[in-house]
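S.K.: Sequence:
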Amino acid sequence: MKRSKVGTYEWSLSTDTSLNLKESIALFGQLVAAQLFDALNAAGNKLGLNRNKMARVDASKIIIPDSKIAKETFEYASELYDLPLLNHCIRTYLWGVLLGQYDNVHPDLEFLYVSGLLHDIGLSKVHEHKIGSCCFAITGAGQAKAFVEQKGWMPERSIALFNAIGMHLNPMVSKTDGLEGFLLKSGAFMDLLGGGHTKIPLSEKTKIIHEYPRLKFNEDILDVKHLPNSRGAFFAKFGAEKLSKKNPLNQLEHVDLSNK
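Oh and the sequence shown: position 148 is 148 in full-length UniProt numbering, straight run, nothing missing.
Note that these hints are calculated values from the structure, not bench results.
It is possible that some hints are incorrect.
Below, simulated DSSO-like cross-link-like pairs (lysine-lysine); rule was C-alpha separation at most 30 angstroms, straight line [to be verified]: (1) K61 to K151; (2) K53 to K246; (3) K71 to K175; (4) K5 to K125; (5) K216 to K246; (6) K22 to K175; (7) K130 to K242; (8) K225 to K22; (9) K130 to K71; (10) K225 to K130; (11) K207 to K68; (12) K151 to K71; (13) K61 to K175; (14) K2 to K22; (15) K2 to K175; (16) K2 to K237; (17) K68 to K125; (18) K225 to K242; (19) K216 to K125; (20) K130 to K2; (21) K151 to K130; (22) K22 to K5; (23) K246 to K130; (24) K175 to K246; (25) K216 to K46; (26) K130 to K245.
Required output: the full structure, derived from the provided sequences and hints.
M.R.: Okay, structure coming up:
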């Protein structure tokens, strides 16, 4: 029987969250394609081919949602995470917004904010003991779905949230999978591995990282033992730790903003 798309709510109901051979091969192909597209885009940015897109990127225009659910989600996330992981989740939202500016798309900011704050619940101290038996993205997606439903979100919206969080570990997520899920994945990958960082001007990246320091968050979230054949184990096998250490964003905490 054909399995649903990796990371979705339907997929989580029919698997133990480990990848079969076909899914592993597909994800490897996605990883190669994502790195190729990123390299081509970086080259285009360096040559000035995307200057009009980059000119749209402005951190001062970022809106932090102030709805009731947004405020409650921030309080919940602040209780769940230590500061390095909380900052990562906030930056994931901020990068997602800036990457949306680059692409000139207009996401549901409340949805993107909630998903950004909750996307790593599975790595929090409360749930980290489950990492060896279940994909942490699926654990987090389930907890996030339960949280927003308790706060009044309807099933269609809460399942969309599950899908966005559950798929954020896929190397490639399409806008057709949900614009907010696409930007969530893009923001999370950029913060951890550096993918897509050339789309955002240095001045804007530096502002974000000075406001929400990285605090070596990647050392903690990469130092875990994942469920065998899960996506976390897949990325560990194919060099996530090495890529994370080489992430250019790591150096921006030391950039002097007064010269910008």
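S.K.: Each hint should be assessed against the structure and marked as holding or not.
M.R.: Now the hints, each set against the structure:
About 28 angstroms separates the Cα atoms of K61 and K151, which keeps this hinted pair within 30 angstroms; it holds. Distance restraint check for K53 and K246: the Cα-Cα separation of roughly 25 angstroms lies within the 30 angstroms cut-off, and the hinted pair is therefore satisfied. A hinted pair counts as satisfied when its Cα atoms are at most 30 angstroms apart, and K71 with K175 qualifies at roughly 27 angstroms. Straight-line distance between C-alpha atoms of K5 and K125 comes to about 28 angstroms, which keeps the hinted pair within the 30 angstroms bound.
The straight-line distance between the Cα atoms of K216 and K246 is roughly 12 angstroms, inside the 30 angstroms bound, and the hint therefore holds. A threshold of 30 angstroms between alpha carbons decides the hint, and for K22 with K175 the separation of about 23 angstroms falls inside it, so the pair holds. For the given pair, K130 sits about 24 angstroms from K242 by alpha-carbon distance, which is consistent with the 30 angstroms threshold. For the given pair, K225 sits about 23 angstroms from K22 by alpha-carbon distance, which is consistent with the 30 angstroms threshold.
For the given pair, K130 sits about 27 angstroms from K71 by alpha-carbon distance, which is consistent with the 30 angstroms threshold. With a C-alpha separation of about 10 angstroms, the suggested pair K225 and K130 falls inside the 30 angstroms cut-off, and the hint holds. Among the hinted pairs, K207 with K68 is consistent with the structure: their alpha-carbon atoms are about 27 angstroms apart, no more than 30 angstroms. For the given pair, K151 sits about 11 angstroms from K71 by alpha-carbon distance, which is consistent with the 30 angstroms threshold.
Proximity of K61 to K175 is assessed by CA-CA distance (about 22 angstroms); at most 30 angstroms being required, the pair is judged to hold. A threshold of 30 angstroms between alpha carbons decides the hint, and for K2 with K22 the separation of about 11 angstroms falls inside it, so the pair holds. Among the hinted pairs, K2 with K175 is consistent with the structure: their alpha-carbon atoms are about 23 angstroms apart, no more than 30 angstroms. At roughly 26 angstroms between alpha-carbon atoms, K2 and K237 fall within 30 angstroms of each other, so this suggested pair holds.
The suggested pairing of K68 with K125 holds, with an alpha-carbon distance near 25 angstroms, which does not exceed 30 angstroms. For the suggested pair K225 and K242, the alpha carbons sit about 16 angstroms apart, so the restraint of at most 30 angstroms is met. Simply put, K216 and K125 have alpha-carbon atoms about 17 angstroms apart, close enough for the 30 angstroms limit, and the pair holds. Taking the CA atoms of K130 and K2, the gap is about 27 angstroms. The hint holds against a cut of 30 angstroms.
The suggested pairing of K151 with K130 holds, with an alpha-carbon distance near 25 angstroms, which does not exceed 30 angstroms. For a cut-off of 30 angstroms, the pair hint linking K22 to K5 stands: about 12 angstroms separates their Cα positions. Taken as a hint, the K246 and K130 pair is honoured in the structure, with Cα atoms around 28 angstroms apart against an allowance of 30 angstroms. With a CA separation close to 28 angstroms, the supplied pair K175 and K246 stays within the 30 angstroms bound.
Only pairs whose Cα atoms come within 30 angstroms are accepted, and K216 paired with K46 is accepted, the gap being roughly 28 angstroms. Among the hinted pairs, K130 with K245 is consistent with the structure: their alpha-carbon atoms are about 25 angstroms apart, no more than 30 angstroms.
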